[in-house]
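Work the whole structure out from these sequences, hints included.
For the record, the sequence lines run as chains A and B. So for the first sequence, my numbering puts the first residue at 1; every next one is plus one. So for the second sequence, my numbering puts the first residue at 1; every next one is plus one.
In case anyone wonders, no lab produced these hints; they're calculated from the structure. Do not take every clue at face value.
What the hints assert, rightly or not - Here are some, though not all, of the chain B residues that point toward chain A, as calculated from beta-carbon distances under 8 Å: (1) Phe9; (2) Ala164; (3) Leu235; (4) Tyr308; (5) Ile314.
What the hints assert, rightly or not - Below, in silico cross-link-like pairs of lysine-lysine (DSSO-like), each with a Cα-Cα straight-line distance of 27 Å or less: (6) Lys98(A) to Lys237(B); (7) Lys252(A) to Lys237(B); (8) Lys247(A) to Lys41(A); (9) Lys247(A) to Lys241(B); (10) Lys247(A) to Lys120(B); (11) Lys252(A) to Lys35(A); (12) Lys252(A) to Lys40(A).
As the list claims (entries may be wrong) - Quick look at which bits of chain A chain B covers, simulated, 3 or more residues with Cβ under 8 Å: (13) 91-101; (14) 147-158; (15) 211-219; (16) 241-252; (17) 274-282.
Quick caveat: nothing in here was measured; it's all calculated off a predicted structure. The beta-carbon is built from N, C-alpha and C at its ideal position, and this holds for glycine as well.
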Amino acid sequence: MSISDWFKARESRRYTALDGDALARAEVPDGVWTKCSACKKIVYDGQLVENVRVCPHCGHHFAMCAAERVDLLADPGTFAEFDSRVSSADPLGFTGAKPYVESLDAAREQCAMPEAVVCGRAEIASHPVVLGVMDFRFIGASMGSAVGEKITRAFETAIAERRAVVLVTSSGGARMQEGMLSLMQMAKTAAAARRLAEERLPYVSVLANPTMGGVTASFAVLADVIFAEPGALVGFAGPRVIEQTIKQHLPKGFQSAEYLLDHGMVDDVVPRGQLTARVGLVLDYLAGGERR
Amino acid sequence: MTRRYVMEFERPLAELETKLEELRRLDLAQNPELVHEVDELTAEIERLRESTYGTLSAWEKVQVSRHPDRPKTQDYIETLCTDVIELHGDRAFGDDEAIVAALATIGGVRTVVLGHRKGKDTRENIKRNFGMVHPEGFRKAIRAMHLAERFGLPIVTFIDTPGAYPGIEAEERGQAWAIAEALSVLSGVQVPVVCVGIGEGGSGGALAIGFGDRLIMLENSYYSVISPEACASILHKDAGKAAEMAGCLALTAEDLVELGIVDEVVPEPLGGAHRDPGAVMSAVRERVLGALGALAAAEPAAIAERRYERLRRIGVIAGDVG
Ligand SMILES: [Zn+2]
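Okay, structure coming up:
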């Protein structure tokens, strides 16, 4: 399913659209609920959808799928996906506990998308952008050749069409099933991000839960302005690896968005409800760069 | 007799070699019947050496790459370079000994040399954190990259790290940010960049100084997205499957030539570079000078442009309609 199919499906499911007009239309069957993983309170799905997947009781930010992300950030009706068919091959014939091709098939089926990132042209606060969103459900949105290629093309398209880039990241890191081809995507995407910067085109990244490893250590943090979502886990090494290495427990809140803010690593922690407006405002400020 | 480090797969060979040494210490003139035995054992050792080292599996190569006696970055610098001026510190936090940056001359060519730096013994290894870099190490490297570009000096790097250090302070000081910045700067510097994989190429920590216009790897070095052990514990919940995972990850120099990532492989003496460091180092010197020579004539902007195109080609995808 392409993302445009998703939008059609959303209409028929009366799923969510998050501009004020569409909120009134959102209808979810009564009585479907989720238990908040943070406060353990019951949240009705209707409430959750209205509240951009943020717990109304405690502010916990639930995961969002790629389509919901697009819906949240893009001006209504402006998103047009590109490179929608770029997806992973299995260049190494990799077999771990299960063959990589099986993991790919399962992810494609579960997420109804061919790869872990969706990229397209869009407008945010009327600014022309390339918007890319990662979907953690798809093999932990790990970066293999296809994700690296799509992110690289996102920067290149933005350069060719004089657009800003807005990326929402969420990833476990490099996709080990593609070996060094995955690792090299870090250099490739970092190089593409650098080219965008040289063109004085703005790049805003939003670090969503979790953003780790090779994605953090490449394009995700090379943005002009970096926002993180509340409570998002962001870092290079995973907490378990660190614990095993240093043989001690990690402090509470370690690698959280708030911790990163304290340590000077992100520009701000922005609650999801304010995210779109905040990104739009940054674009207002930075859009003039290339005219200098 | 000096005790040497024995890798798991060479244990049968090591046992025979010990036996031969013991025989040789006996007075052969007094025991003429032993002369024949020594000859036989010598021949047997030769045969076993060939079958032990002739074709190493990926996991065996990983073990060779980690051999404590394997030549290290500092050995290459000492042997290959003259007029060395080491550059310490990141100008912000401290000096990370797990990475070395230096102005150095190789075969008459003035360069900036960067390398991961493991120790030669435990004491040194503790000081250098076993070659596992903290953010300030990457930031020192970035500083040296800028210096190289500003003054038109080519960059030569030696890759030998298990990976970037996974620790609380490393995260606190922005490990991911430092690596990302190194990737960005290295991708764009308008001077030639020649990289040599001499031992371990562990993930992002290796990549931060581990790509450029030419990537040369020693036959028994490895370069991988993840260590075979970590890969095994994630995918199999069993680090004991590391040997199997090493075979799956396509991490040897030979594999990486096939994937279009590595340009040249430097053969090693039978058993590994530590068996004849001098020969390996002079081969590396030749390859590095060859690469620098080939890149020397290019225009600065063209170098960076070609490096981008080189990176751009890496990856295998499906479903592309152009
Ligand atoms: Zn809650």
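Structure-based check of all given hints:
At its closest, the beta carbon of Phe9(B) sits 22 Å from a beta carbon of chain A; the interface hint therefore is violated under the 8 Å criterion. With 8 Å as the threshold, the beta carbon of Ala164(B) comes within range of chain A, its nearest partner Cβ sitting at about 6 Å, so the hint holds. Annotation: Leu235(B) was flagged as interfacial toward chain A, and the flag holds, the nearest CB pair being 3 Å apart, inside 8 Å. With a least beta-carbon distance of about 5 Å to chain A, the hint placing Tyr308(B) at the interface is held under the 8 Å criterion.
Because the closest C-beta pair between Ile314(B) and chain A is about 4 Å apart, less than 8 Å, the hint holds. For the hint pairing Lys98(A) with Lys237(B), the CA-to-CA distance comes to about 13 Å; that is within 27 Å, so the pair holds. A hinted pair counts as satisfied when its Cα atoms are at most 27 Å apart, and Lys252(A) with Lys237(B) qualifies at roughly 26 Å. With a CA separation close to 34 Å, the supplied pair Lys247(A) and Lys41(A) exceeds the 27 Å bound.
As the CA atoms of Lys247(A) and Lys241(B) are separated by approximately 23 Å, the hinted pair is consistent with the 27 Å bound. Straight-line distance between C-alpha atoms of Lys247(A) and Lys120(B) comes to about 25 Å, which keeps the hinted pair within the 27 Å bound. For a cut-off of 27 Å, the pair hint linking Lys252(A) to Lys35(A) stands: about 23 Å separates their Cα positions. Restraint check for Lys252(A) and Lys40(A): satisfied, since their Cα atoms lie roughly 19 Å apart, inside the 27 Å limit.
Note: the region 91-101 of chain A has 6 residues with beta-carbon separation from chain B under 8 Å; the three-residue rule is met and the coverage holds. Given a C-beta distance limit of less than 8 Å, the hint that chain B covers the region 147-158 of chain A holds, as 3 residues qualify and 3 suffice. Here the region 211-219 of chain A counts 6 residues with a CB under 8 Å from a CB of chain B, which clears the bar of 3, and the coverage holds. For the region 241-252 of chain A, the proposed coverage by chain B is satisfied: 6 residues have a C-beta within less than 8 Å of a C-beta in that chain, meeting the threshold of three.
Here the region 274-282 of chain A counts 0 residues with a CB under 8 Å from a CB of chain B, which misses the bar of 3, and the coverage is violated.
In this structure, the earlier hints numbered 1, 8 and 17 are contradicted, and the remaining ones agree with it.
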